[in-house]
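Chains B, C and D: place on chain A using the hints.
Protein chains: 4
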Amino acid sequence: MFVGRHAIEVGWGDCDPARIVFFPRYFEWFEICTTALFRAAGLPLHAMFAERNMVGIPLLDVGARFHFGSGYGHILEVESRIVEWKAKTFRVEHRFFRDGGLAVEGHEVRVWAVPDPTGEKPMRAAPIPPDVVARFMDQRVESA
Amino acid sequence: MFVGRHAIEVGWGDCDPARIVFFPRYFEWFEICTTALFRAAGLPLHAMFAERNMVGIPLLDVGARFHFGSGYGHILEVESRIVEWKAKTFRVEHRFFRDGGLAVEGHEVRVWAVPDPTGEKPMRAAPIPPDVVARFMDQRVESA
Amino acid sequence: MFVGRHAIEVGWGDCDPARIVFFPRYFEWFEICTTALFRAAGLPLHAMFAERNMVGIPLLDVGARFHFGSGYGHILEVESRIVEWKAKTFRVEHRFFRDGGLAVEGHEVRVWAVPDPTGEKPMRAAPIPPDVVARFMDQRVESA
Amino acid sequence: MFVGRHAIEVGWGDCDPARIVFFPRYFEWFEICTTALFRAAGLPLHAMFAERNMVGIPLLDVGARFHFGSGYGHILEVESRIVEWKAKTFRVEHRFFRDGGLAVEGHEVRVWAVPDPTGEKPMRAAPIPPDVVARFMDQRVESA
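Residue numbers (the numbering used here), protein chains in the order written: chain A, 1 to 144; chain B, 1001 to 1144; chain C, 2001 to 2144; chain D, 3001 to 3144.
If we strip away everything but chain A, and leave its shape as in the complex, we get (with noise of 0.2 Å):
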């Protein structure tokens, strides 16, 4: 299976007082981490949203659980990997390791939208396109 592999560095303002990540953070890197993970593949998120007309990847479910915690200047090794494909959706997950052990792990559900066509709605979901599928699909591709 395709894994992504990306290194977020704590910052001074990704952290609260009691001098940890504050939580909502990680899902702003979940987001990076996907996008790095679509980069890998060959696929650019910005790119393919542009040539196949999409709105986005937008999410239905999402969940996180912290095994411990991690403050400023701290480095987070993140593996992702697409775990299943549906017709319309897809499952990421995240996992989030730090000095070896770890740290956080997580997934997204995500939609394949594109413009509603009536226009009585801003998206709607769409079938995903087999030749993306098939990009993760290849075993020897490993994002550097």
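By construction, these hints were calculated from the structure, which means they are not laboratory data. In this text the structure is predicted, and so the values were computed from the model without any measurement. Beta carbons: idealized from backbone N, C-alpha and C, even for Gly. A few of these clues could be false.
[Claimed, not checked] Pulled from the structure, derived: some chain D residues nowhere near chain B, Cβ distances all over 12 Å:
1) R3052
2) H3067
3) M3123
4) D3131
[To be verified] Residues from chain B that face chain D, not an exhaustive set, calculated with beta carbons under 8 Å:
5) W1012
6) G1013
7) P1017
8) R1019
9) F1068
10) Y1072
11) G1073
Below, chains B, C and D without anything else, positioned relative to chain A:
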């Protein structure tokens, strides 16, 4: 059960190029709604942390499901409840309504954290004081 | 001159490990206070953008001076005024008070932006409609 | 003069419904670029704060001018310099380039902050150590 109610107006900077709320913002609002819930119960967190020598109430687990998106200028009405108390942790549930529909629902599992007396860790879990739990058990009280 | 007033409670996630507000948050509050100022003048931005086919009111220039820090649970009382109107831009000034003292002061220069009819750019500056300026000139009106 | 260089990729969540960067994000990037500048000079802030018993380097004054907007997927190349050292404060200037053009320029005036020995305030200004200033004066060094 004690129900906290809090209204949130979606701001310009909360929304992304798809013109809907960027999902990590909901978790910032979870934090704000949990803060509002404790205040409504007569336990403002900032004062409680100081008076009881607490580090905070960091998260162990968090999740959300998104039923429909909201955009700039929308008003979200949030209901928050603590649905479970354990010895050292508690579970909060939030429900975000817009125009009468359930837009987002989520949960937080938080831990009662005090300074680690050994100084080896930044904090440790501690038993939740019974008077805190009792504040939320009074059926007659409801947040304005 | 029309004065908008808005109260902000400093949240846990707004503060950094030094236990004071992480400074970019003040600029998020500038946005919120400018939004509140227009609403108080009877011109809610989200409706105005839609009705007048505007892209928004992006910034040309912004600055802040910090006189003393504030922390978790503090209440900031903000006064906002539009101090200058030019043909296509306007200048907003914000003053943040805490416990009667001037904690932060800042300004924004914003431009009236509409879609570029040529489609070459995402937006272009346009003349500010006189009825908008007039709304802020009524000396008798003051935001609650 | 020592020049720090840092590249930033604009993320989805950095952009607003006008499809350009929501301006407070630039100030989060100022923080990140100042952090990168100190690291490039051999003084990583998180280590320096711990070793020298500092509270941090909070801001006294900050400002930015926006020449053109940037959007999702754009790469911003930032140059950062400390252009002035005073006894207890210093001034950083940042210039953001995109596609060779100057998109944003800004400044920060920051203060060297240590714990207040009287305990009355959260921090007080202190003289900047000469060895810190000297690190930035070496003309031969330049960040990669």
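Structure-based check of each hint:
no., hint, verdict
1, R3052, "holds (20 Å)"
2, H3067, "holds (20 Å)"
3, M3123, "holds (18 Å)"
4, D3131, "holds (30 Å)"
5, W1012, "holds (6 Å)"
6, G1013, "holds (4 Å)"
7, P1017, "holds (5 Å)"
8, R1019, "holds (5 Å)"
9, F1068, "violated (17 Å)"
10, Y1072, "holds (6 Å)"
11, G1073, "violated (10 Å)"
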